[in-house]
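> Residue numbers (our numbering), protein chains in the order written: chain A, 16 to 599; chain B, 6 to 168.
What the hints contain is simulated information worked out from the structure, not anything from laboratory work.
Backbone N, C-alpha and C fix where the C-beta goes; we use that ideal spot for every residue, glycine too.
Here are the in silico distance ranges between beta carbons for each label pair:
no., chain 1, residue 1, chain 2, residue 2, range
1, A, 208, B, 91, 33 to 39 Å
2, B, 29, A, 69, 42 to 48 Å
3, A, 205, B, 83, 32 to 38 Å
4, A, 139, B, 108, 52 to 58 Å
5, B, 161, A, 205, 36 to 42 Å
6, A, 364, B, 154, 55 to 61 Å
7, B, 83, A, 388, 51 to 57 Å
8, B, 83, A, 208, 21 to 27 Å
9, B, 59, A, 391, 42 to 48 Å
10, A, 205, B, 36, 40 to 46 Å
So the derived list for chain A, only partly shown, Cβ under 8 Å to chain B, looks like this:
no., residue
11, 147
12, 151
13, 156
14, 176
15, 209
16, 210
17, 211
18, 334
19, 335
20, 338
21, 339
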Amino acid sequence: MTQVSNPNDKQETSPQFTGAEILIKCLHEEKVEFVFGYPGGAVLNIYDAIYQQDKFKHILVRHEQAALHAADAYSRSTGKVGVALVTSGPGATNAVTGIATAYMDSIPIVVISGQVPTYAIGEDAFQECDTVGITRPCVKHNFLIKDINDIASVMKKAFHVASTGRPGPVLVDIPKDITATLNSFEYPKTVEMRSYNPITKGHSGQIKKALKLLAEAKRPMVYTGGGVVLGNAAAELTQFIQSLGLPTTSTLMGLGGYPATDKQSLGWLGMHGTYEANMAVQECDVLIAVGARFDDRVIGNPEHFLSRPRTIIHIDIDPSSISKRVRIDVPIVGDVKSVLADLNDLIKSEKPVQNTAALAEWMLQIEVWRAKKFSEFTLDEKLIKPQQVIKSLYEVTKGDAFITSDVGQHQMWAAQYYPFDKPRRWINSGGLGTMGVGLPYAMGVQLAHPDAQVACVTGEASIQMCIQELSTCKQYELPIKVITLNNRYMGMVRQWQEFFYENRYSESYMDALPDFIKLAESYGHIGMRITDPADVEGALREAFSPKLKDRLVFMDFITDQSENVFPMIPNGKGLSEMITGKES
Amino acid sequence: MRHIISILMENEPGALSRVAGLFSARGYNIESLTVATTEDATLSRMTIVTSASDAVIEQIIKQLNKLIDVVKVLDLNDGKHIERELMLIKVRASAAHRDEMKRMCDIFRGRIIDVADGSFTIELTGSGHKLDAFIESLDTSAILETVRTGASGIGRGDRILKL
Ligand SMILES: Cc1ncc(C[n+]2csc(CCOP(=O)(O)OP(=O)(O)O)c2C)c(N)n1
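Based on the provided sequences and hints, a complete structural model is requested.
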């Protein structure tokens, strides 16, 4: 049959692309810089299309979990949407830990997963799994594309949903046959979703009420969370705090939202937060929470928290975060950046009269708490104290590095002894607490910021959960500095066993450790072992020296095994019920 | 307290599992759940009956609204509403008991919709309480099979859940 082309028929004249090419074009439209991924049968068409383009760079990881973590950290450190690509079945299931990690911390990523061909779905085909079903509880939304005509609109929606409102991961599952079918391509300019319209502007009446309460407060306190970082609201927050002269604390996720070295900052609060921050949040009379969620690691036991009368104002973009664990008196649903800007405008125009005498007295009380210096540690002559390593790291990098962390004691020390003055510098898994994120997080950050100093603070247990990524680091020449605080224990587990299980160290000793120096070297990197406290700073200076600027350095710090993280709020206890480690 | 929650959502495959998954993941209970498309084929309407404290109901509504496929949510208990459930019940109706069974059915305003040698199938509509009462009024040995739809609800008067 002869095809007669009709010049008036758009379908016939517009160029035709495969589904895979269309997908790639969508990523180009979204100005994607990196795709972190791993190939496999169901995504071969997509990989073929990637081979024929050069607008974004594909980063080949060594395990799909790392692809997700790297995309996640790319997003955390830049504010842009991270993108990961995995194959069907095991590719998708390997990605789940990374997706859940991003979900718990509200990180915008788009995950593309291959699926078996549409005609084979449901037949237990090779490498088939119900990816949409498996990921449903840990994504903001997911899609299964069943029609080639939907690729462009679904991708547009995926990026829109991931990055707006309370951000989060969105997964797009694409059957293989659809990536081979031909179609024309047009990327939608706008998204219209009748079921999804996040609120951004806060209610002006509520904002007025909040300001009045704060001005009249005797003991006001600001408590900020990851929402400030995700919402790019650090400047607005800083202006707000400084114009009212309020004391402030942040969650582990919000670090850098307000300069930690400023005197108004009490450091971070929660299970291992500072004494002064925890006491101030417990004792304040008006608390304003900004982009935070009153999580169990932050306020401890909610009953104990509520045993002190205080008025609570809560700004959050997600209505379901408000009054979830703690009843809120003045809820303000909206984008934190917009609400804080409105508050700042109101402060300028209304010039509220503050209860300055009471505020001054309150600040004095805070200084009394701060003066207890519960966050200080003592150096040892023979054993390296983990805190010493972080302090030196801070000095050597002049406090301006990107710090990624794994999960455990080292994570707490990193956050305690490396004060962050800028947002998006502290990259860790706060919500899910996923061991293994540290190294892939550093990869995502280093790729996004090729000239920046990037350090991964980790433990000898955590680092082994994604250690294969040392190979990826070599392939892409990522000069990450891995700072391992090697205490030969799953230290955080050991600490709990010491405190709450009468020193029964069940399965928390890390036996049969590899020689990390040789391991790093076999991957083509530089390894250092540091055992003497006197060598800590020198070794760090060398690792960060211009000479090693382009090299990954794996630093194995042999640290004091018995060191514990203080202060600590035992599980189920309240904010003011800390163990400080200085009890006599 | 028992609440009837009405949900308008995109008629997409998987939308039902998102709602059901939300309830199981967060430990909310479901007494009944019914769902069907509306006069607009792109929308489904779901009715969920659940019992929880006011604080939990507030969270349920917020969490439902957060689902991307959910267009609108209404707690029918916020105002006056009507609730109906349909039951099909197959009962023993031997020659000696047929008249009595017919009488019971009339009292409850049921309809016999199938007649067989030893049994009737009765259709009964009403509140859940009414259906319960009918079951209780029968001798258990007379009940061969029951199937209930779960409650559907709608607001009274001008209370309308629509796009
Ligand atoms: C994937 C995963 N498995 C288990 C845990 C529980 N966990 C939390 S901290 C920790 C120990 C971490 O040990 P290490 O990395 O050596 O750090 P340290 O606490 O010694 O600094 C464990 C096992 C976790 N957070 N993540």
